[in-house]
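There are 2 protein chains.
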Amino acid sequence: MFRTNTCGELRINNIGQQVTLAGWVQTIRKFGAITFIDLRDRYGITQLLFGEELNKQLEENPLGREYVLQVNGTVTERSNKNKHIATGDIEITVSSFTILNKSEVPPFTIQDDTDGGDDLRMKYRYLDLRRNAVKKNLELRYAVNRSARNYLHENNFIDIETPFLIKSTPEGARDFIVPSRMNEGEFYALPQSPQTFKQLLMVSGYDRYFQIVKCFRDEDLRADRQPEFTQIDCEMSFVEQEDILTMFEGLVKRIFKDVKGIDYAEAIERMTWEEAMWQYGNDKPDIRFGMKICNLAFDKNMFPSKEKIFDEDMFDIPPFGGKGATIVAIAAPNCSEYTRKQIDELTEWVKRPQIGMKGLVYIKCNADGTFKSSVDKFYTAEQLKAIAEVANAKAGDLILILAGAEERTRKAISELRLEMGKRLGYRKEDEFKLLWVIDFPLFEYAEEENRWVARHHPFTSPKPSDIDTMINNNPVIENAAEYLQHPYANIKANAYDMVLNGNEIGGGSIRIYQKALQQKMFEALGMNQEEQQHKFGFLLGAFEYGAPPHGGIAFGFDRLCSILGGSESIRDFIAFPKNNSGRDVMLDAPSSLDDKQLDELQIKLHLKA
Amino acid sequence: MFRTNTCGELRINNIGQQVTLAGWVQTIRKFGAITFIDLRDRYGITQLLFGEELNKQLEENPLGREYVLQVNGTVTERSNKNKHIATGDIEITVSSFTILNKSEVPPFTIQDDTDGGDDLRMKYRYLDLRRNAVKKNLELRYAVNRSARNYLHENNFIDIETPFLIKSTPEGARDFIVPSRMNEGEFYALPQSPQTFKQLLMVSGYDRYFQIVKCFRDEDLRADRQPEFTQIDCEMSFVEQEDILTMFEGLVKRIFKDVKGIDYAEAIERMTWEEAMWQYGNDKPDIRFGMKICNLAFDKNMFPSKEKIFDEDMFDIPPFGGKGATIVAIAAPNCSEYTRKQIDELTEWVKRPQIGMKGLVYIKCNADGTFKSSVDKFYTAEQLKAIAEVANAKAGDLILILAGAEERTRKAISELRLEMGKRLGYRKEDEFKLLWVIDFPLFEYAEEENRWVARHHPFTSPKPSDIDTMINNNPVIENAAEYLQHPYANIKANAYDMVLNGNEIGGGSIRIYQKALQQKMFEALGMNQEEQQHKFGFLLGAFEYGAPPHGGIAFGFDRLCSILGGSESIRDFIAFPKNNSGRDVMLDAPSSLDDKQLDELQIKLHLKA
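Protein chains in written order, with numbering that gives the first Met the number 0: chain A, 0 to 608; chain B, 0 to 608.
Worth flagging that the hints you see were computed from the coordinates, not collected in a lab.
In this text the structure is predicted, and so the values were computed from the model without any measurement.
You may find that some hints are simply not true.
Copies of the same chain look alike in the list, so a pair counts if it works inside one copy or between any two.
Stated by the list, open to error - The list that follows gives simulated cross-link-like pairs (lysine-lysine, DSBU-like), each with its CA atoms no further than 30 Å apart:
hint, residue 1, residue 2
1, K514, K55
2, K595, K607
3, K101, K491
4, K82, K135
5, K462, K101
6, K340, K256
Chain A extracted, bound-state conformation:
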């Protein structure tokens, strides 16, 4: 060992001990003939005192930032104690030192507030990882990992490794593929998730499986997506939805307790997908605050269970885009005194291309009970009052109304709600609100191919009450214009997402375990028998030999960590992340290959012009 102690452990009761420390030079401060050095390692920082007699040696062997230093010395009490660090009561009076390694001047400072830009820090990631801010993130990540494992272990889950070199079955996302040298002309794929394997493990009777595992998707990378990412992947047999929700509420609460010291005692709210879309405009609502969306006019087909509030005619006026438009509102609390300038700014905000609205209608619900709106010339005070009532606005609130094509408008009002929530301080980093979203539609309609696609994945079961509908109907859509009338349009999935502060952190479902139902699902997705057999023959085969009812969930481990760590970016929680082009700029990967390597694999480049 190059040390007797770490830089984080010596205290006042160690005074007088002879110790050897090793670490990195954080700072050097000279005071005449005396030099103070802060020595840093993973565990902390300890102050070193180099007295007069060592100064000559220091001059002959000058130190610099990030030098690796080993010192022998005595633990002594500091006259000038530092309350900010755990070792602040003591310092080491150095008797001898060895420079274990030198360091060039780092391209950025190794500090919480570094002067390094994103690109530089990624190139020198090994230096960026020295910063306390990044180290804390990786430590948090390990704490979440450990907490999850302990909980799952205590609940009889068993970690079983599934293969990485599997078969390409392109459904939905694109596979990364791996040429096989031993099987010429053939390819493996990297798993997008261990989905079918964990289901096979249930068929094999393993009952409760988990894995914290890398998954791969070759997608165009939006900000904050990675081509390789980590899942906490779980599956259970002989369960219904309620069992899964209970088990994994327990997991997340345990993680909160272990990692953040938070007792999340309250029951986790549940919301149907329809409610989420209706009240929050998206399927992963941030419920740290209300400001629910009110639909002033809406599509009967999307929300058949709701009554229309107003006559369509009432909104058939210029600012609202005419009959059939989606018209939605939120009531921003205590904002009725927004100035013209503030409202203009909000109007510009919703008109940005990312939001894409044509304009913004406002109604100020003044404290005195009067109303002032941008549509005063179209509405009477009574009508404005009626709208305010529907929008749940109180005196002092500001009603913001958007209108337009349904999907875009719903997305826009959802964004506006989140933006207002942020501006009003409702989205606190240290407040955590969990939510289950349930009862998703099983299918989405794919217009181009005029067929169904699985909203979750093709292994998700319909609700038990919808199984007959699925089995007894032909999935083919005869009349594209009337797809919403097809019996499949209303089938609900036995699926659930866990949402934390407006982010989907996990999702799963009760799975299909009956061969006939699975075949019907594949058929609905446009797969003929041959294709089914080629891609999923092993799974259909497994379902012939006693598959148990089962279901599971997968948590996005990177995202979960980033939210718990109070960050917007998953990249901060990955030791060696890739950039938006899928490059590791530190390694400079991917890279070109020797011809010999390609030759052995019997492939060659076929670059487009």
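Guided by the hints, dock chain B onto chain A, whose structure is given.
Using the frame of chain A, we list chain B on its own:
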């Protein structure tokens, strides 16, 4: 939940309880109007009793092996108790049942001694995994995983995930590669190990790292190798060899304790590579038994520290292949009364192509002190006695002597020793003997290229005392015939292997952390500056910014599990293994791809005729 209890938990004190169980039908036994069914799940087997009133229902809904069954009933005491199973005191008197899923007749029996051949079991791996024998293996694997994690956690190691899509740096083994769609013409590689990443983490100050992680090597698969395999990968900073040995002795002992209930209290033996090669003929000796090899003539260059025992002339006789041959012997205890037939059979055994010897010389050390040998006409009794003394043979032993070219002969005597050990019952499955092999040569000579290759890998440090030799000499070998005289030939590595019962279960080294030394190493391996920069620029760069002394080890997790489980085959300890052609026969992977997928990746097949 489809059950109130598992099939492994009900006991005599549960009698009278109403329960619901779910599981698989293991056996069905009819006795007149009564039917007994053994219901199986992961946790055990519980006997079900179907009385007369349910028999009609059973006839209408006949059950079969591996059907998935849910039953309601009452826990009752068995009249005919079964001492062999934990639930053997009770049975469930069934009041109602539901068939949750049917099963075809499985292609082989789901029993410890199955009638299924290897191919069939691999194709239906999901059924093979139901067998208790396989389940026990995967449970053992998880127990080892858990034990290792707990030990490493308690010792301040932190699990940090390293990337899977990295850069191809073909050194030694072949990389699996992954075409990048977003970076056309470029490729990622899958990691052969996280070696450079864990070293970067040490540079970053993480101090103690571990990961239980998949690694990939595209090698021709000998029996019992897998293209993807799992390592327990560890690295520590500020350590010397002794620190690593101590830490990981602790790990392995902890695993023995947790998983096998074995207190491995004794000190773990250490042996230099030279001793291992000299005394056991290979670098991973099985030291559960002695029968050490005795070199009767040997190559001075290989073992400069040993004295020659005999004149070369003494062995310059027909059975020994002439001057310069390697002549080695073992003394098999209490085998002096082997019959002619037994010795002929052993002679045939060493003449098999796998062993490749021309013949076998024996000397019987009779109980009465006389000698009888196959070379009586060449030697006097005194000479035979002298050989017996050198071979450490006692009265009653049988000396077996092989001779020929060095490498082959050493391998052959090693195999013969292991074979005799097996025949004499010295290699007990339930006896575990650990060993550290240390002081490996740093380099091997590559004849074809007339240069050095790294025996371990290019990041292994020489022994501290050999660093100057390495730095101050030109690695180029001027005269191929005299490579053994090159100063590099005698450099020892700061490396260590952990051996368990004749298998290498782990290996590691103290790493190079000085840029100049690392460059010298790359140079010795024939890499010019440009190549060094292209392949390992990031590592050389990292070494400029304060790299600490560090070292580590990686354990072959699959192999470790198989030895602890008493099996020869790692495949039995992998949930979804591949066969010797790298195929997953269950998935039928690898497989051909759609042209569209290849097009998107801008590659095409280029099959050799």
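Verification of the supplied hints:
1. K514 with K55: between (82 Å within a copy, 27 Å between copies)
2. K595 with K607: Answer is both: 22 Å inside a copy and 13 Å across each meet the 30 Å cutoff.
3. K101 with K491: For K101 and K491, only the inter-copy Cα distance (26 Å) is at most 30 Å; the intra-copy one is 63 Å.
4. K82 with K135: Within one copy only: 20 Å inside, 54 Å across.
5. K462 with K101: between (64 Å within a copy, 21 Å between copies)
6. K340 with K256: neither (45 Å within a copy, 72 Å between copies)
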